[in-house]
Each structure stands twice: as structure tokens, then as C-alpha cells.
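Student: In case you want the letters, here they are:
Number of protein chains: 2
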Amino acid sequence: MAAQRLVVVGGDAAGMSAASRARRLTKPDELEIVAFERGGFTSYSACGIPYWAGGVVDGPDELVARTPEEHRARGIDVRMRTEVTGLDLGGQHVLVRDLESGEERRHGFDHLVLATGARPVRPPLEGIDAPGVHGVQTLDDGRALVDALDGGAGDRRAVVVGAGYIGVEAAEALVRRGWAVTVIERSAQPMATLDPDMGALVRDAMTGMGIEVVTDTEVTAVRTGPDGRVRAVATAGREHPADVVVLGLGVRPETALAREAGLPLGTSGGLLTDLAMRVRGHENVWAGGDCVEVLDLVSGRTRHIPLGTHANKHGQVIGTNVGGGYATFPGVVGTAVSKVCDLEIARTGLLEAQARAEGLRYVTATIESTSRAGYYPGARPMTVKMLAERGTGRLLGVQIVGREGAAKRVDVAAVALTARMTVDQMTALDLGYAPPFSPVWDPVLVAARRAAAAVKGD
Amino acid sequence: MAAQRLVVVGGDAAGMSAASRARRLTKPDELEIVAFERGGFTSYSACGIPYWAGGVVDGPDELVARTPEEHRARGIDVRMRTEVTGLDLGGQHVLVRDLESGEERRHGFDHLVLATGARPVRPPLEGIDAPGVHGVQTLDDGRALVDALDGGAGDRRAVVVGAGYIGVEAAEALVRRGWAVTVIERSAQPMATLDPDMGALVRDAMTGMGIEVVTDTEVTAVRTGPDGRVRAVATAGREHPADVVVLGLGVRPETALAREAGLPLGTSGGLLTDLAMRVRGHENVWAGGDCVEVLDLVSGRTRHIPLGTHANKHGQVIGTNVGGGYATFPGVVGTAVSKVCDLEIARTGLLEAQARAEGLRYVTATIESTSRAGYYPGARPMTVKMLAERGTGRLLGVQIVGREGAAKRVDVAAVALTARMTVDQMTALDLGYAPPFSPVWDPVLVAARRAAAAVKGD
Numbered sequence: 001m002a003a004q005r006l007v008v009v010g011g012d013a014a015g016m017s018a019a020s021r022a023r024r025l026t027k028p029d030e031l032e033i034v035a036f037e038r039g040g041f042t043s044y045s046a047c048g049i050p051y052w053a054g055g056v057v058d059g060p061d062e063l064v065a066r067t068p069e070e071h072r073a074r075g076i077d078v079r080m081r082t083e084v085t086g087l088d089l090g091g092q093h094v095l096v097r098d099l100e101s102g103e104e105r106r107h108g109f110d111h112l113v114l115a116t117g118a119r120p121v122r123p124p125l126e127g128i129d130a131p132g133v134h135g136v137q138t139l140d141d142g143r144a145l146v147d148a149l150d151g152g153a154g155d156r157r158a159v160v161v162g163a164g165y166i167g168v169e170a171a172e173a174l175v176r177r178g179w180a181v182t183v184i185e186r187s188a189q190p191m192a193t194l195d196p197d198m199g200a201l202v203r204d205a206m207t208g209m210g211i212e213v214v215t216d217t218e219v220t221a222v223r224t225g226p227d228g229r230v231r232a233v234a235t236a237g238r239e240h241p242a243d244v245v246v247l248g249l250g251v252r253p254e255t256a257l258a259r260e261a262g263l264p265l266g267t268s269g270g271l272l273t274d275l276a277m278r279v280r281g282h283e284n285v286w287a288g289g290d291c292v293e294v295l296d297l298v299s300g301r302t303r304h305i306p307l308g309t310h311a312n313k314h315g316q317v318i319g320t321n322v323g324g325g326y327a328t329f330p331g332v333v334g335t336a337v338s339k340v341c342d343l344e345i346a347r348t349g350l351l352e353a354q355a356r357a358e359g360l361r362y363v364t365a366t367i368e369s370t371s372r373a374g375y376y377p378g379a380r381p382m383t384v385k386m387l388a389e390r391g392t393g394r395l396l397g398v399q400i401v402g403r404e405g406a407a408k409r410v411d412v413a414a415v416a417l418t419a420r421m422t423v424d425q426m427t428a429l430d431l432g433y434a435p436p437f438s439p440v441w442d443p444v445l446v447a448a449r450r451a452a453a454a455v456k457g458d
Numbered sequence: 001m002a003a004q005r006l007v008v009v010g011g012d013a014a015g016m017s018a019a020s021r022a023r024r025l026t027k028p029d030e031l032e033i034v035a036f037e038r039g040g041f042t043s044y045s046a047c048g049i050p051y052w053a054g055g056v057v058d059g060p061d062e063l064v065a066r067t068p069e070e071h072r073a074r075g076i077d078v079r080m081r082t083e084v085t086g087l088d089l090g091g092q093h094v095l096v097r098d099l100e101s102g103e104e105r106r107h108g109f110d111h112l113v114l115a116t117g118a119r120p121v122r123p124p125l126e127g128i129d130a131p132g133v134h135g136v137q138t139l140d141d142g143r144a145l146v147d148a149l150d151g152g153a154g155d156r157r158a159v160v161v162g163a164g165y166i167g168v169e170a171a172e173a174l175v176r177r178g179w180a181v182t183v184i185e186r187s188a189q190p191m192a193t194l195d196p197d198m199g200a201l202v203r204d205a206m207t208g209m210g211i212e213v214v215t216d217t218e219v220t221a222v223r224t225g226p227d228g229r230v231r232a233v234a235t236a237g238r239e240h241p242a243d244v245v246v247l248g249l250g251v252r253p254e255t256a257l258a259r260e261a262g263l264p265l266g267t268s269g270g271l272l273t274d275l276a277m278r279v280r281g282h283e284n285v286w287a288g289g290d291c292v293e294v295l296d297l298v299s300g301r302t303r304h305i306p307l308g309t310h311a312n313k314h315g316q317v318i319g320t321n322v323g324g325g326y327a328t329f330p331g332v333v334g335t336a337v338s339k340v341c342d343l344e345i346a347r348t349g350l351l352e353a354q355a356r357a358e359g360l361r362y363v364t365a366t367i368e369s370t371s372r373a374g375y376y377p378g379a380r381p382m383t384v385k386m387l388a389e390r391g392t393g394r395l396l397g398v399q400i401v402g403r404e405g406a407a408k409r410v411d412v413a414a415v416a417l418t419a420r421m422t423v424d425q426m427t428a429l430d431l432g433y434a435p436p437f438s439p440v441w442d443p444v445l446v447a448a449r450r451a452a453a454a455v456k457g458d
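As given, the protein sequences belong to chains A and B, one line each in that order.
Counting from 1, position 82 in the first sequence corresponds to residue 82 in UniProt numbering; the numbering is continuous, with no gaps.
Counting from 1, position 343 in the second sequence corresponds to residue 343 in UniProt numbering; the numbering is continuous, with no gaps.
The set of hints was computed from the structure by calculation and includes no laboratory data.
Fair warning: there could be bad hints in the mix.
If you want a taste of the chain B side facing chain A, the calculated C-beta under 10 angstroms gives, among others [stated by the list, open to error]:
(1) C47
(2) V57
(3) L297
(4) G300
(5) T370
(6) Y376
Chain B is faced by these chain A residues, among others (derived, beta-carbon under 10 angstroms) [claimed, not checked]:
(7) A13
(8) R177
(9) W179
(10) A180
(11) T182
(12) A311
(13) Q316
(14) R347
(15) D411
(16) M421
(17) D424
(18) W441
Using N, Cα and C, we set each Cβ at its ideal position, and we do this for glycine too.
Bound conformation, chain A alone (with noise of 0.2 angstroms):
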């Protein structure tokens, strides 16, 4: 019997992820497997493009899990610099286009896996291509902006546009390469995946840092010198000089090919799948990374949520169902962590906004409290804030926003939002406590006694 055809479309973590367990699954007589990739790099990590940016991390190989040739050597035939432009679901076929060559041919498979991945918002304005507007996406991006960095021109000033967590991420990197920031947000406050009283926080920490936040502000132009380089970004009434200007509006899933074949899309354009990654109503359908939309388990809706994390265990599903055997993604519960130099943030759950929008009615509780006991050194503080539903008292959201320490106990609410738990329920949880690492009340167990007595209305 001829061996079954994978085809993978896009070369980064949920497709070569997938490819790589589904080759760990089968021999390649079995399945013989083809990933193409349109760009010049496999299995990268976008996330760390901010830290190469800011000299923390090098770049670009330190960000490569795997080049095309550990994964050809693995018996993966990866296609580099190759576009699929078209799918022909009916025919079991793929276009696709030598970017070298310019040739085009097709491919046939007996499973397709989308990882097309997600394109940065880039807003139609006037001189956004100039040179000096940089985005922060991809390893190409990531060496033009090092390459900006490293020259140095003008003043050194940036001015980064929106502020959510890639916009805060590339302002630290531009404080730490000693340039003057600026970033200009349209929502009231940094980090709209926060609620505003806690982004207000974020805006303080900023601040301080030096950086300058401009909010409820759009940003209306790209003002371009003599040269033809950015100049200075404009706003209503005003001009914010710039020699480099960094775009962290944020992404949207790359579906342009799964709509012209037909695919389910969800409101946020990315593709719907059932729970073991297969594009919903085609059988040999995959899909996984930033360009599927993924079940939110709080509020019971899809949504398109970018992250490298969920990308890696889609492919690890996807490839594990392709490979013959049963996985399924059950969703997500909304965490994200980031920092900004040393001011960490960390969500999971639903903010206000969301519960509000999904008919809940809830209780906050926010408390202050500290990383280690109080007497201990390098005890920092952090501001823990709570949602739970009215009534029933279950968990509905966690926000910290701290120093070291603070981010990753948000995952102890990750945890109890997957169970369903009530705010009353963690009060009694037996997390880890010693003087280097906790208050005798983790905060947020604090945080949990505050809103269990909020949702009792004591």
C-alpha cells in the first residue's frame, strides 16, 4: 500500500510540531510528509523577538527550536521559501509556488494541516512603509529592527504604537538600548487585556520607567523626513518625534487561503475546529496555532487567542490524531504573562468587560500583597485582582500585576478556572509556603478570601 500524504501548510511551531510528533508516530513508509514554509526559518520563537530587540537574548539561531535540516534529518521534507497559494479540498490537492524559482506546481495530500499562522495589524496610514516602521513578528523583522537599533540613527528616540503586551515588550527593549520611548495607545490605559484600574498600574510602572504613555490617542500618520524615513508618528494635534517606530498593534489570524476554500471561519476571522484540531465538517482537515480560533472554557465561545504555547500542543494533538492516534485540545482558560523591565502582568479568565458582555453578574476583590513573606529580602509587592460570579461564587478571572514573583502565580488560577472552582473552594488550597517564597497566605489565596467574602456579601 502507497504511503498516506501529510501536507503541512506553514513551518513554524503548531505545523512542524505537528509534523514532528505525527513522523515520531509512523515510519515514512506509512506517511510521508511535506511542510511548506514561506519564509527563510522553521520552529521559531516569535516570542523572544522583543528580547533579541532589547539585547537580552541573541538572535536569530538561539531563537530556532529546529532548522529545516534537523527536521529533514528527522524525515520531515520541509519546502523552505515555498507559498502555498491555493487549496483544492475536493481534488486533495495544494498550489504551491517556488519563491526562488517563481514555478508553480501542485501537491497532492490525504491530510492537510493549516498553520498559516497570524499577519500583524498594519494600519492603512499614510507613510506606515516608510523605512524605520518596524514590526516585531518574525526573525526577518526581528534583524531589520536589531539592525535599526544597532545604527542608532538620530536622537535615538522610538515611539512605539499600541501597548499591548508586544508593545510593552518592544518599549522594553527600547529602554534597554538606552533609546527615549514613547507608546501610544488608543484604548485608556497599556495592556487592554487588563482591566483599566489594573493597567493603570501598568501606566504608572511605565512612567517611571521613563517611558512615556500617551492613551486614548490614535495614531493618525507616519510623518517621513527628506530622506524618506519616519520622522515623527502624528496623533490629533500632535507630532511625537521617532527615528524608529515599532507597530505592536497585535495580529490577526492568516486565513486568506482557508476562506477562498471554504473553510468555517469564526468572528475573528481564524478557522474553527472540533476538539481534536480537525477543521469542523472536513475529515482530513487540521488546523492549529495563531490562525484557529480556540474554546474559551470560562465564557463557552471561541476566540482567537495568538500564542506559542497553545500552537505547541495544537501541533502535538494534530499530530498525534494524523499519526493514528486519539488527542484532543479542550480549550483555554485566557492566561497570558509578560513583563515590561522588571514590572510583570499576568490575566487568566474573563476581565470585567467579558463578563459583563456574557450576561454575568460578579464580584472583584483586589488586594495588595507580597512575593515572599514580608520580613524576608527581595520581597516585592503585587496587586492581586479577582472576578467571581455572583450566586454561585465560581472563579471567573485573575489579574496580578507586580515584580518578580507576581506573574506565574497566576497559573494556580488557571488551574481552579479548568476546575470550575469557586473563589470559597481556593481559599483552602495547599499551596507552597515558605518564607523565601510566599506570605503564610499566598496572595492569592488572600485575593480568594477577599472575594469569597465579597460573593457572601460580608
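Chain B: place on chain A using the hints.
Tutor: For chain B alone, coordinates are given in the frame of chain A:
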């Protein structure tokens, strides 16, 4: 109507938390609260004493969360240096002795809280009471040890007897002070709260810190010099020179009073309570902290697990119930974290030997990972061992040995144990990921994947 009378025996974490919580819920004309403490301090962190001895934190005042005066100012009548010498449960009074004046009298109660704590194990060895032999359980112990170390007698050689968490924390303190340290342990490895294979990692790390670790060895005597002070610790066939000896042999429930009064005790000698922390069979007698056994939710047995974090929770529950509210302490999963210098040690759930003793059949998975993305500065190695039940895949326990960022990851497993998750469910947990905080697969998830594969027989 006359006020009800609450008598608290023991002025540390459990007792004073109970008193404080009851005070917040009731008015003084509803509830009169008297607490008897035979020592000189209230509400102190015994867990901080090794760090005081090591010069990491100041003491003793910094280790006192609330002084007798502060408790009195909040409406709790604290009687210091006053020992409760007998309980008359039928007559609803306690016998108390003023340790200054020697005066004895009765004190009536409507509610009685027993928070008598634990006493250190002190084997009946020749020389055990010699000057230079120290405990680390009370602030007075801490003061005596700090004075001895400041004095820096002799060659600054110390022997720590016992390599449990108190022993290893004491060893760290002595190393920090520049003393030459030998730790003597009768088990095969240090940290008998871990499986031997994980304990071996602790031994290697301690040896690397210059600590001499002597295992499988019983101490037979403490040798004294002509001045009557400690000179050496004797084991079979060998003497270990010592200018200071620290006893780190753990503690036993202090329940002599309870035993005399006929209250129910478990196999460890700890008091047995219901989930509301009421002593079984006694409507108005409560107990909490290091003098009780707690329900281990994983094995279904009661165990003696003396930890400040449990004591505080017990006090909170007791105070709520005495104050007219309702609360329960559902039990523990056996979480403990500690460190020796920069080595972090954590466990939760059952060890292999404990699982076997419960008749459980299990698989194990042991993995190596890092605290941050491998390419991110400060990524430190850690080893995670996971136990899962055969067949069901239910998580049974986790042990972690590593460096910075290792120990508190055990909290994820503690919540998963509480929620009775399977290791397969854990593989999908939505834990926080960003390069400064975790590899794309958190070490706990890597262990869960390996354990889930072992459950399936892969």
C-alpha cells in the same frame, strides 16, 4: 445576657488567628476572648528562624506578626508566660499557672481552642542537653543559636542532626555564616519527604555547596569537652567535631493536655477534628495548627503536617465558626517547599512509598526542563517527577528539585490534585507562557505529557 467566654490555649498562628477572626465577627459584650501563652511571644513565624540564624533576616521582632500589646489593643486578653496545665471539659474550665508568680487558678470557658503546637523531637542521647546543642523552633531557640554563631566558638564547625526541611534550612544558615557544616541523616538520602532518587539530587547539590552529607547514619551521642560544651557528635564508629549542633529532627504534636483530657488523637498523636476544626465528639472544643492531624485529600488519611500556612487557615476556620459564621478546612494535599542556598525543593501529593502503602499502583515520569525559555538569561535547570495512578491516570504527586523558579511550580500540581485531575487533563493546562517565565511547554506540562504517555503504556 452575659458574654460567652472563648479560651485559647497557645498564642501562635492557629490560636491567635482564631482569636482575631472571632474578635472581628463579634463584639466584646458578646464574646470575651482570653488567650494563654506560656512563652514570651505571640503570632511569630517559626519558619523564619533559620533565616534569622543565617543573617538573612533580622530577628526576633521582625518575625513577630502581632505582639501581645497589639492583640490586646484589638480586644483580645492575652496572658503571657501563663501555662495551661489541665483541661476540665465537663466543668468547662482550664487550669492555668502564671509562670512568673507560680500562682494557679481556674478559668472558665464556653468555647475552647487548643492550639498547643508541636514540640521538637529530642532523642534521649547522652549529651543532648549540653551547651552548644540548639533547636530552631522558638524565638528563644533562634536567639540562642544566633548568639552562639555570633560568638563563633572554636573552629566554626557545625553538625546538623536530621536532613529534613528544618535540617537543610539550618545547614543553609550555617553555610551563610561561613561555618563548616556536616549534616547527619538516618535515611538513605536527605529530604526524606522526597523519593530517594529526588533526594539524591539534593544531596549532590548540598555536597556541591561544601556541605558534608552523612546518610544511613544514626547519631549515638553528643560528646562534650572539659568545659561541658559540645565537642563532637558521635555516630557508629566515628566522631564528627562540632562547636555547635543544631537539631533538625522535626516535631511531634504537643497534645499532653488533650491526651489527659481524653480527647481523640490520631496515630501521630495529633488531635482529630471534624472539617469545621471541632475536636471530634466535642461540640465546643476546637483545635488547629501543629497539634492536629489534617485530612490528606490524596490518600484519604489523616496525617500530621505541621506548617504555618495550615495553622493560619485552621485559625481562620475556627474563628469564623466560634464567631457565629460557618467555615470548613477541607484538607491538604501535602504541599511543601523549601530551599538550601539556591537549591529549591518542592513536593505535593504522595511519594512512591506512600502510594505503595495505600495500595495504589502507579507510573512515574521524571523530566528535566528549565525555569525560562532555554535561550533566555537566567534559565535554570529543574527536575520534575510525577506520579500518576495506573489505569485512571489520576495525578498522585509531584516532586521538583531545581534552582530559582522551580519550587512554586508545585502549586499547579497542588491545585490539580485538589481537583483530582488526570495527568492527561494536565497536559492541556493553560499555564502562563512568555520567554522570561517559562519554556513554551512549562516543566510541569512536560512531566504531565510523559506521565500521560506512561499511563497509556507508550
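Student: Hint by hint, say whether it matches the structure.
Tutor: Against the structure, the hints:
1. Look at B/C47: its Cβ gets to within about 5 angstroms of chain A, closer than 10 angstroms, so that hint holds up.
2. Below 10 angstroms, beta-carbon pairs count as interface contacts, and B/V57 has one with chain A at about 5 angstroms; its hint therefore holds.
3. For B/L297, the interface hint holds, the least distance from its beta-carbon to any beta-carbon of chain A being 8 angstroms, beneath 10 angstroms.
4. With a cut of 10 angstroms, the hint placing B/G300 at the interface with chain A is violated, because the nearest CB-to-CB distance is about 15 angstroms.
5. A least Cβ separation of about 13 angstroms between B/T370 and chain A goes past the 10 angstroms threshold, and the interface hint is therefore violated.
6. At a threshold of 10 angstroms, the smallest CB-CB gap from B/Y376 to chain A is about 6 angstroms, leaving the interface hint in force.
7. The closest approach between the C-beta of A/A13 and any C-beta of chain B is roughly 7 angstroms, which is under the 10 angstroms cut-off, so the hint is satisfied.
8. Interface hint status for A/R177: violated, as the beta-carbon distance to the closest one in chain B is roughly 16 angstroms, over 10 angstroms.
9. At a threshold of 10 angstroms, the smallest CB-CB gap from A/W179 to chain B is about 20 angstroms, leaving the interface hint violated.
10. About 24 angstroms separates the beta-carbon of A/A180 from the nearest beta-carbon of chain B, more than 10 angstroms, and the hint is not met.
11. With 10 angstroms as the threshold, the beta carbon of A/T182 stays out of range of chain B, its nearest partner Cβ sitting at about 23 angstroms, so the hint is violated.
12. Because the closest C-beta pair between A/A311 and chain B is about 8 angstroms apart, less than 10 angstroms, the hint holds.
13. The interface hint given for A/Q316 holds, since its Cβ lies 8 angstroms from the closest Cβ of chain B, which is under the 10 angstroms cut-off.
14. Because the beta carbon of A/R347 sits about 9 angstroms from the nearest beta carbon in chain B, less than 10 angstroms, this interface hint is met.
15. Contact between A/D411 and chain B, as hinted, is supported at the beta carbon level, the nearest pair being about 5 angstroms apart and thus within 10 angstroms.
16. Satisfaction of the interface hint for A/M421 is found here, the shortest Cβ-Cβ separation to chain B being roughly 7 angstroms, below the 10 angstroms cut-off.
17. The beta carbon of A/D424 comes within 9 angstroms of a beta carbon in chain B, closer than 10 angstroms, and the hint placing it at the interface holds.
18. With 10 angstroms as the threshold, the beta carbon of A/W441 comes within range of chain B, its nearest partner Cβ sitting at about 6 angstroms, so the hint holds.
Checked against the numbered hints above, the structure violates hints 4, 5, 8, 9, 10 and 11; every other hint is satisfied.
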